[in-house]
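Working from the sequences, and respecting the hints, build out all of it.
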Amino acid sequence: ILLKSKGITPKVSGICVPFETKLKSLYEELTSLYSADEILNKDNSDLKMHQQEACLALLRNVKEHLRSIANTPNINEAKLSILARFLQAVPDLCQTLQKCLILGEDKGSCWHEAKTLLHTESLYCWEKWIDKVINRVKERVPEIIKKPTVYADLLNMIPQWDIIWIEEGGEGENAHKSQLKVPSAPSFPLQSLLHYITTDLCRAHVPRENLMQKLLPHIFNCYDPSSFLCQAELMQYLFDIKYLYAQFIPITNK
19 ILLKSKGITP
29 KVSGICVPFE
39 TKLKSLYEEL
49 TSLYSADEIL
59 NKDNSDLKMH
69 QQEACLALLR
79 NVKEHLRSIA
89 NTPNINEAKL
99 SILARFLQAV
109 PDLCQTLQKC
119 LILGEDKGSC
129 WHEAKTLLHT
139 ESLYCWEKWI
149 DKVINRVKER
159 VPEIIKKPTV
169 YADLLNMIPQ
179 WDIIWIEEGG
189 EGENAHKSQL
199 KVPSAPSFPL
209 QSLLHYITTD
219 LCRAHVPREN
229 LMQKLLPHIF
239 NCYDPSSFLC
249 QAELMQYLFD
259 IKYLYAQFIP
269 ITNK
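With my numbering applied, the sequence shown covers 19 to 272.
Keep in mind that the hints were calculated from the coordinates and are not lab data.
By construction, the Cβ of each residue, glycine as well, lies at the ideal position given by its N, Cα and C atoms.
Honestly, I wouldn't trust all of these hints.
[Stated by the list, open to error] Calculated pairs, PhoX-like style, for lysine-lysine (alpha carbon to alpha carbon, straight line, at most 25 Å):
{"no.": "1", "residue 1": "Lys40", "residue 2": "Lys97"}
{"no.": "2", "residue 1": "Lys40", "residue 2": "Lys150"}
{"no.": "3", "residue 1": "Lys117", "residue 2": "Lys97"}
{"no.": "4", "residue 1": "Lys40", "residue 2": "Lys133"}
{"no.": "5", "residue 1": "Lys133", "residue 2": "Lys97"}
{"no.": "6", "residue 1": "Lys97", "residue 2": "Lys150"}
{"no.": "7", "residue 1": "Lys40", "residue 2": "Lys29"}
[Claimed, not checked] Just the calculated beta-carbon pair ranges, DEER-fashion:
{"no.": "8", "residue 1": "Ser63", "residue 2": "Gln265", "range": "22 to 28 Å"}
{"no.": "9", "residue 1": "Pro91", "residue 2": "Ile259", "range": "31 to 37 Å"}
{"no.": "10", "residue 1": "Glu82", "residue 2": "His130", "range": "19 to 25 Å"}
{"no.": "11", "residue 1": "Gly126", "residue 2": "Asn92", "range": "49 to 55 Å"}
{"no.": "12", "residue 1": "Thr90", "residue 2": "Glu161", "range": "58 to 64 Å"}
{"no.": "13", "residue 1": "Arg226", "residue 2": "Ala96", "range": "18 to 24 Å"}
{"no.": "14", "residue 1": "Ile181", "residue 2": "Ser31", "range": "50 to 56 Å"}
{"no.": "15", "residue 1": "Arg85", "residue 2": "Gly126", "range": "23 to 29 Å"}
{"no.": "16", "residue 1": "His130", "residue 2": "Pro160", "range": "44 to 50 Å"}
{"no.": "17", "residue 1": "Ser127", "residue 2": "His213", "range": "44 to 50 Å"}
{"no.": "18", "residue 1": "Pro109", "residue 2": "His68", "range": "20 to 26 Å"}
The structure is reproduced here in structure tokens:
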């Protein structure tokens, strides 16, 4: 459960096993060369420095290899997701990596450099994943948010509105009451689209801001102000746009 809460699936955990085995073999091979003789402490220090450099070099090679895979034109979303999750999981599941990097005098900086490298590369893979998702979802946006062809279609588009009573004029019998209906929820097509997008976000465990900032222009394009709209459509569209602004656009950017 703890691994799943961090987005580490059994498949990603299985990929980490051979990498951990490789690191453990390297660690045991180098530590076996350490001498217990105090006279040879300088040699021990040199070996530890070499061990750190070898592990960092291995990590950089892994990073370059995974980046080349991520940049493959025909790579799909699932593979990009696995690459990103693997890079996220290495510090937690490959504990020998930390052992290899905290032996020398600059142990803190080496381990920090390794974690930064893994985190940065994981974000790179997630950005590639987001680009793939955007290309897929933007094709569906016009299909889901489409203008009704007849007024009867409005029943399938607009949820029930709230009723507000406004009282004007004098008091008692002289008061004039009027009824005003206003939208109370996003249109059904927009709700369907947001559910469709949220499903992808829940699978990936990525911040929604990164994806929504790139997807919002495609959603706004579906609300064409120049097209002929009845009053009900105009009010519902206005509510939809205000809802999107409130939910997904930071106050500093509004």
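Hints versus structure:
1. Lys40 / Lys97: Status holds; Cα separation ~22 Å.
2. Lys40 / Lys150: violated (32 Å)
3. Lys117 / Lys97: violated (29 Å)
4. Lys40 / Lys133: holds (18 Å)
5. Lys133 / Lys97: Between Lys133 and Lys97 the Cα gap is close to 22 Å, so the pair holds against 25 Å.
6. Lys97 / Lys150: Holds, at about 11 Å.
7. Lys40 / Lys29: Distance of about 18 Å is within 25 Å: holds.
8. Ser63 / Gln265: 22 to 28 Å: violated (56 Å)
9. Pro91 / Ile259: 31 to 37 Å: holds (36 Å)
10. Glu82 / His130: 19 to 25 Å: The hint (19 to 25 Å, Cβ to Cβ) holds, given that Glu82 and His130 are roughly 20 Å apart.
11. Gly126 / Asn92: 49 to 55 Å: violated (41 Å)
12. Thr90 / Glu161: 58 to 64 Å: violated (29 Å)
13. Arg226 / Ala96: 18 to 24 Å: Once the Cβ atoms are compared, 20 Å apart, the range 18 to 24 Å for Ala96 and Arg226 holds.
14. Ile181 / Ser31: 50 to 56 Å: holds (54 Å)
15. Arg85 / Gly126: 23 to 29 Å: holds (26 Å)
16. His130 / Pro160: 44 to 50 Å: Distance hint for His130, Pro160 holds at roughly 46 Å.
17. Ser127 / His213: 44 to 50 Å: holds (46 Å)
18. Pro109 / His68: 20 to 26 Å: holds (22 Å)
Of the numbered hints stated above, those contradicted by the structure are hints 2, 3, 8, 11 and 12, listed in ascending order.
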